[in-house]
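All chains, full assembly: derive it from the sequences and hints.
So the protein lines, in turn, are chains B and L.
Per the UniProt record's numbering, the first sequence runs over residues 1 to 423.
Per the UniProt record's numbering, the second sequence runs over residues 1 to 336.
These are computed hints drawn from the structure, not numbers from a lab.
On a predicted model such as this, the values are computed, not experimentally measured, just so you know.
All residues carry an ideal CB built from backbone N, CA and C; glycine is no exception.
Some hints here could point you the wrong way.
In silico lysine to any residue, SDA-like type, Cα no more than 20 Å apart, as pairs [claimed, not checked]:
id	chain 1	residue 1	chain 2	residue 2
1	B	K138	L	A187
2	B	K189	B	D261
3	B	K83	L	K172
4	B	K359	B	K373
5	B	K189	L	A187
6	B	K242	L	K172
7	B	K189	L	K178
8	B	K142	L	A75
9	B	K401	L	W196
10	B	K417	L	Y98
11	B	K142	L	I86
Just a few of them, taken from the derived set where beta-carbon distance is under 7 Å, the chain L residues facing chain B [to be verified]:
id	residue
12	V52
13	E74
14	I86
15	P87
16	A88
17	P281
Below, each chain spelled out in residue letters.
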Amino acid sequence: MRRGIAATGLIAALAMTAAACGGDDEGSGGSKGGKLSGTVTFWDTSNDAEKGAYQKIAKGFEKLHPDVKVNYVNVPFGEANAKFKNAAGGNSGAPDVMRTEVAWTQDFASLGYLAPLDDTVALDKADDYLPQAAASTKFKGKTYAAPQTIDTLALFYNKKMLKAAGVEVPTSFDEVKSAAKKIKSKSGKTGLYLRGDDPYYYLPYLYGEGGDLLDTKAKKVTVDEPEGAKAFSVMKDLVDSKAAVTDASDGYNNQLNAFKDGDVAMALDGPWSIEGALQGKQFKSDKDNLGVAPAPAGSKRQGAPQGGWNLAAYAGSGNLDAAYEFIKYMSSAKVQQQTTEELSLLPTRTSVYDVKSVKDNQMVQFFKPAVAKSVQRPWIPEANALFEPIRLQLEKVLSGKSSPEKGAEGIGDAYRKLLKDYK
Amino acid sequence: MAVETGQSVVKAADVQSIRGRGHRPGKKPGRLRRTLTTHWYAWAMVAPVVTVIGVIVGYPLVRGLYLSTTNANEANVERHIGVNDIPATYESVGLDNYQAILSDGVFWDRLSWTVVWTVSCVALSFTLGLALATMLNRKLAGRSFYRMALILPWAVPAFVSVFTWRLLFNEKKGLLNKILEGGGIDAIPWLNDPTWAKISVITVNVWLGVPFMLVAMLGGLQSIPGELYEAAEMDGANAWQRFRHITLPGLRTVASTVILISGIWTFNMFPVIFLLTRGGPGDATEILVTYAYRLSFVVSPRDFAGSAAWGVLILALLSIIAVAYRRALRKQGEVW
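Now the structure itself:
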């Protein structure tokens, strides 16, 4: 019965939005019956360097739909997940549209917090999405989000510093280590900043050794196989040999500051930091000094995790029609082109890559093939919960309290506790 | 005032009950009824407070106790989100949660660090507070200035202090390491090494806790009659003897209370740990309450039942400590 009501409501909503937006795609929202109105609250998670551009873009929706007010709220990445869950679970204060990290989408969807977007206006030209990006929006056969941007980790390097030390851009962690030695002897600076506080940065090392967190097909935990331990020992070796510096807290800011101030020559980072890095004293007047290369390979292969952001509608939103329309706008080719031009973020639409300004963007030129090769993470509701055990063990291993083998074992044990039907 | 009112009510009630029950002699009113009729006025007076406390303390407490015996988590509690109506599907699991917690090393690790953290914070802030109070209890130039300055940490909102300390502690850009660098000493990984992180959180908490101790001790010191010191001086007692045999016993009632209070506060001192290190590096500085928070707000799906069970255990621990502490004091002749 409830389902019946929901379906009727959905059809009614569809009919209304179809009426409002039929015809001209860039239409001003229409002036006759069924036009969109009210407020759309949008929680954005972009960082300090990016948020100005995003706010401007979000507000651009008001020009298309003059009766809709966009309430733009920037929620720091670190708090966004918990904040959304508090609001959504407690049924008060949740936004209409939320920018969710790719690994949050299934989590939120499995808890019933998100509205399915299949057959709504939100999923406009869905064939245009990169298959990899689209994969992160699905849960149990339904689509719960529209991909907004896709990314992966890469090696950011300071061209001048590498040149001064007479080293080539490293393609493996072994080369990072030897390059760091030369950099240290030439300038006294450290080679690499290694994020010791964020489990996400364990993944390139793990994939590099040919390992993975889980085998979702065979329902098997694979992180505690020898590759997982090897990944830890590579990280620890970089820190112990002074090729890398690390922190157990405040890593994001420390890394960005160390890199843009020239205290370290290299860092593993993603496109979200391009804008911030370019504002630093090493790159501000000399943007070409910033080099980006594929994440270094481990002993088996090169592999960086696929990341990115999706746009999802809160199931309890009082203004779902406007929310769908807003998602459609924010993931449209035009807006994606704009975010690429202003922030060097990667589009999720294949068509946008054909636009000249996007094609010519240096960062896109680099990141596009990197993203194409990036490793997909397990798209399961627990995907986000997989990080906490890594964080705990990462600290133990890097501080020498635990061996790499013990560390990998610890993660595996935690995963088996978390994922009941995995062996 | 209150006593007088009570008595008059007692008299009135007695008269009434005698009149009212005139035709059934021999049968005395029930005990409950008697207390109710005798003290109805007092009950009426406290009723609003009892109701409010029942709603804001009692209900969550009972609810927490109940949740801790179930397997409730974010995925199986009842939710109404727009068109999605999700019914509750959690069920009772008896004492399984407690059994799981108590048989897991995590609890005992966290408990032992929480005890170390509480004892060292309270001991240090008490000692410092007492020392400063003793110094400030003398007549010295600018005394009120010093008193104001020492209260300052208490006047600043805790999160502001903690964030300021976090900036000071930053390993690469922080002021503390810059100072050490100037002195030719290697940078200390304040918040990045488990041991240093523990020292750091204790330092910050002591810094925040000293003003409270200082004020309480100062009050205690001023209540000790000056004649005692004069008499002791006449008897030839030196400064240490005076401190040992007059000041300390004179402060005992105040001291025992503030130690208990600050022990409970520190045991549950969420903001300092959470804002300074988030329980890190790893889980080195995680105390029981920050772990309970982690269970119900950080892990996914949020483990409400587990978190509730941790909460109940924390409450039980604190109750036991408080009762034992009172007993110990009573044995020493304190009335508390």
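So, going through the hints one by one against the coordinates:
1. B:K138 <-> L:A187: violated, 48 Å
2. B:K189 <-> B:D261: holds, 11 Å
3. B:K83 <-> L:K172: violated, 30 Å
4. B:K359 <-> B:K373: With a Cα-Cα distance of about 18 Å, the restraint between K359 (chain B) and K373 (chain B) holds, given a limit of 20 Å.
5. B:K189 <-> L:A187: Holds. K189 (chain B) to A187 (chain L) sits at ~15 Å (cutoff 20 Å).
6. B:K242 <-> L:K172: holds, 15 Å
7. B:K189 <-> L:K178: Judged against 20 Å, a Cα distance of about 17 Å means the pair holds.
8. B:K142 <-> L:A75: holds, 18 Å
9. B:K401 <-> L:W196: Since the Cα atoms of K401 (chain B) and W196 (chain L) sit roughly 14 Å apart, the hinted pair holds (cutoff 20 Å).
10. B:K417 <-> L:Y98: At roughly 16 Å apart (the allowed maximum being 20 Å), Y98 (chain L) and K417 (chain B) satisfy the hint.
11. B:K142 <-> L:I86: holds, 18 Å
12. V52: violated, 22 Å
13. E74: The hint holds - E74 (chain L) has a Cβ within 7 Å of chain B, the shortest such distance being about 6 Å.
14. I86: holds, 5 Å
15. P87: violated, 11 Å
16. A88: violated, 13 Å
17. P281: holds, 3 Å
Violated hints for the displayed structure, listed by number in ascending order: 1, 3, 12, 15, 16.
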